[in-house]
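Taken in order, these protein sequences are the chains called A and B. Whatever position you read off the first sequence (first residue = 1), add 552 for our numbering. Whatever position you read off the second sequence (first residue = 1), add 552 for our numbering.
Possibly wrong hints are sitting among the right ones.
The list makes no distinction among identical chains, and a pair is therefore deemed to hold if it is satisfied within one copy or across any two copies.
With a Cα cut of at most 20 Å, we get these calculated SDA-like pairs of lysine to any residue [said to hold, decoys possible]: (1) K847 / L820; (2) K588 / D681; (3) K844 / G660; (4) K844 / L576; (5) K856 / P808.
Don't read these hints as lab results, they were simulated from the structure.
There are 2 protein chains.
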Amino acid sequence: MIARMTTNRSTERVMLAHGGGGELTGRLIEEHFLPKLSNPALSTLTDGAIVPINGTPVVFTTDSFVVTPLEFPGGDIGRLAVCGTVNDLAVMGAIPTALSLGIILEEGLPMDLLDRVIASIARSAQEADVPVVTGDTKVIERRGEGGMYINTAGVGGLHPGAHLDLARIVPGDVVLVSGTLADHGLTIMSVRAGIAFDSDLRSDAAPLNELVARLLECGADIKFLRDPTRGGLAGVLADISARANVSIEINEASVPITSTARHAAEMLGLDPLSVANEGKLVCVVAHDDASKALKILHAHRHGKQAAIIGRVTDASPPLVELRTRIGGRRIVQRPYGEELPRIC
Amino acid sequence: MIARMTTNRSTERVMLAHGGGGELTGRLIEEHFLPKLSNPALSTLTDGAIVPINGTPVVFTTDSFVVTPLEFPGGDIGRLAVCGTVNDLAVMGAIPTALSLGIILEEGLPMDLLDRVIASIARSAQEADVPVVTGDTKVIERRGEGGMYINTAGVGGLHPGAHLDLARIVPGDVVLVSGTLADHGLTIMSVRAGIAFDSDLRSDAAPLNELVARLLECGADIKFLRDPTRGGLAGVLADISARANVSIEINEASVPITSTARHAAEMLGLDPLSVANEGKLVCVVAHDDASKALKILHAHRHGKQAAIIGRVTDASPPLVELRTRIGGRRIVQRPYGEELPRIC
Numbered sequence: 553m554i555a556r557m558t559t560n561r562s563t564e565r566v567m568l569a570h571g572g573g574g575e576l577t578g579r580l581i582e583e584h585f586l587p588k589l590s591n592p593a594l595s596t597l598t599d600g601a602i603v604p605i606n607g608t609p610v611v612f613t614t615d616s617f618v619v620t621p622l623e624f625p626g627g628d629i630g631r632l633a634v635c636g637t638v639n640d641l642a643v644m645g646a647i648p649t650a651l652s653l654g655i656i657l658e659e660g661l662p663m664d665l666l667d668r669v670i671a672s673i674a675r676s677a678q679e680a681d682v683p684v685v686t687g688d689t690k691v692i693e694r695r696g697e698g699g700m701y702i703n704t705a706g707v708g709g710l711h712p713g714a715h716l717d718l719a720r721i722v723p724g725d726v727v728l729v730s731g732t733l734a735d736h737g738l739t740i741m742s743v744r745a746g747i748a749f750d751s752d753l754r755s756d757a758a759p760l761n762e763l764v765a766r767l768l769e770c771g772a773d774i775k776f777l778r779d780p781t782r783g784g785l786a787g788v789l790a791d792i793s794a795r796a797n798v799s800i801e802i803n804e805a806s807v808p809i810t811s812t813a814r815h816a817a818e819m820l821g822l823d824p825l826s827v828a829n830e831g832k833l834v835c836v837v838a839h840d841d842a843s844k845a846l847k848i849l850h851a852h853r854h855g856k857q858a859a860i861i862g863r864v865t866d867a868s869p870p871l872v873e874l875r876t877r878i879g880g881r882r883i884v885q886r887p888y889g890e891e892l893p894r895i896c
Numbered sequence: 553m554i555a556r557m558t559t560n561r562s563t564e565r566v567m568l569a570h571g572g573g574g575e576l577t578g579r580l581i582e583e584h585f586l587p588k589l590s591n592p593a594l595s596t597l598t599d600g601a602i603v604p605i606n607g608t609p610v611v612f613t614t615d616s617f618v619v620t621p622l623e624f625p626g627g628d629i630g631r632l633a634v635c636g637t638v639n640d641l642a643v644m645g646a647i648p649t650a651l652s653l654g655i656i657l658e659e660g661l662p663m664d665l666l667d668r669v670i671a672s673i674a675r676s677a678q679e680a681d682v683p684v685v686t687g688d689t690k691v692i693e694r695r696g697e698g699g700m701y702i703n704t705a706g707v708g709g710l711h712p713g714a715h716l717d718l719a720r721i722v723p724g725d726v727v728l729v730s731g732t733l734a735d736h737g738l739t740i741m742s743v744r745a746g747i748a749f750d751s752d753l754r755s756d757a758a759p760l761n762e763l764v765a766r767l768l769e770c771g772a773d774i775k776f777l778r779d780p781t782r783g784g785l786a787g788v789l790a791d792i793s794a795r796a797n798v799s800i801e802i803n804e805a806s807v808p809i810t811s812t813a814r815h816a817a818e819m820l821g822l823d824p825l826s827v828a829n830e831g832k833l834v835c836v837v838a839h840d841d842a843s844k845a846l847k848i849l850h851a852h853r854h855g856k857q858a859a860i861i862g863r864v865t866d867a868s869p870p871l872v873e874l875r876t877r878i879g880g881r882r883i884v885q886r887p888y889g890e891e892l893p894r895i896c
């Protein structure tokens, strides 16, 4: 018999694991936030909300970034902050229109580092073609070397070609990813662990709004899109399975992961399926349209290594199953806690 | 001769004073942010931006909150975060529609304190009738007792009665405030200094969207609205003067300040005109409509102590001048640096 640990509410405290994007993050939100703040828009728990303003549906989302180190191979906190919110809008079926930028600076932050991050924000916003239109800056007392936190919120209009709805997912649908997985999270963890791979391991942070628009405009029946950030591919697939009440079968051999990333994950003891990405899409598409969607992904600079990785099934109970290279099967679960603290 | 201190860019660091909402904050934004991020919407430097989405103008704003302590007489960080963004939207002439909520929690934060803050966010959002529709939560490592930072962004549609434009301000216009000044900042500073006033000194944090709507609908020619947060009344008036190229004359005896606040400001060595408010409006109205606007303010629970405090003049050069109680005159300037760190 397994006894469930009881917690004393009056002494309970926030733990790092509450921020990992896994099971504990879900509980924090469901037990502490939703009961008080609940309203129809918030309770859908997607990456954003759709708000009608004078009759026009406006997609609205927010994300905070606390990554350390602030700069890393392939990006920095500023690029993450732009791409993260642009991508959250895009996977909601929005055409991202504008970003807000809320920066909290720690006293002592070198001004030239701030300047590099701001320049990166500007470059990334230009690359995504989504301007930063409003901002706010606060400064907090020095505690360490001088860090920073960034919040970006974003707004956009609905793409007329978007009919994204978990409820439309049915057995037979095909699951694609837009490229290699785990590069972002592994890059951050490698830098922190002081491991230098003499290699191409770098964050994949990239704005995906153009890629998403091409997918939505290609005529394929795209049913669901998500950027697998905290919690990785495993988190997204577990979410789809639980909320659409379907099973998903993934072929390990089809999941694109570079050999460097595979090696890094082994050294760090991490499951690459649970590691964060910042420039990748998970896409569920109708069976007959899978190759059309894959072609669109392959034609775009951010989708060259896209792959069909699995399919939706009617196996019961609803689970995510990985068929391993050696023919075995294992259940893919939403990560529990904080495998990767402050990864984004 | 005054030599201007030169700064070595490579060793320059962020200081607490950069976050005070004064001269140094302005320089940080103008020298480090705007040159790279500049676009027409951002460069107006108002409290938000107006973004067209499918032909509908959407007002969009963001604000981060880092106040310590997290709870104080009259409010807490959650109430500030809701009211601050609702008010920023309202003074832009928007009808606030929805808020986002980005929370950064420090490991070790007591869960019951988090629960109180979330409950306060929910109550304040309900009071303002503006729901929180999307959110994000991150956790950072423990450094102190366990704190939290909150970012709220907000969206809204334009109020059809709003014709707010600094360029419409002309000599003869009248300046009003919606109530007593400096209560919020002095409350925070008193708590931090360990000074207990056996009194009614408490933060004025309140959502002003209903009050603003009444003003915009009353038929008075309202030319400009602003909530005097960081930098206080002095900061707002200095901004108006500089940007509208007009002078403003304020009568000290007309500025509503409670005797408790006056006493607290003296003890703390602060100028109440430069202290932050979180539930007050500064309003510039056409001369002939001043009494109509005042009546509307007086009729609302958040405007009972509203007052006409001065007028716009054509004195040259453009300055803000205070006529003191004893008949003297002094120039009112935008505060320089961080009089009140982490006040909001």
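Checked hints:
no.: 1; hint: K847 / L820; in the structure: neither (34 Å within a copy, 68 Å between copies)
no.: 2; hint: K588 / D681; in the structure: between (37 Å within a copy, 15 Å between copies)
no.: 3; hint: K844 / G660; in the structure: neither (52 Å within a copy, 49 Å between copies)
no.: 4; hint: K844 / L576; in the structure: neither (38 Å within a copy, 55 Å between copies)
no.: 5; hint: K856 / P808; in the structure: within (11 Å within a copy, 65 Å between copies)
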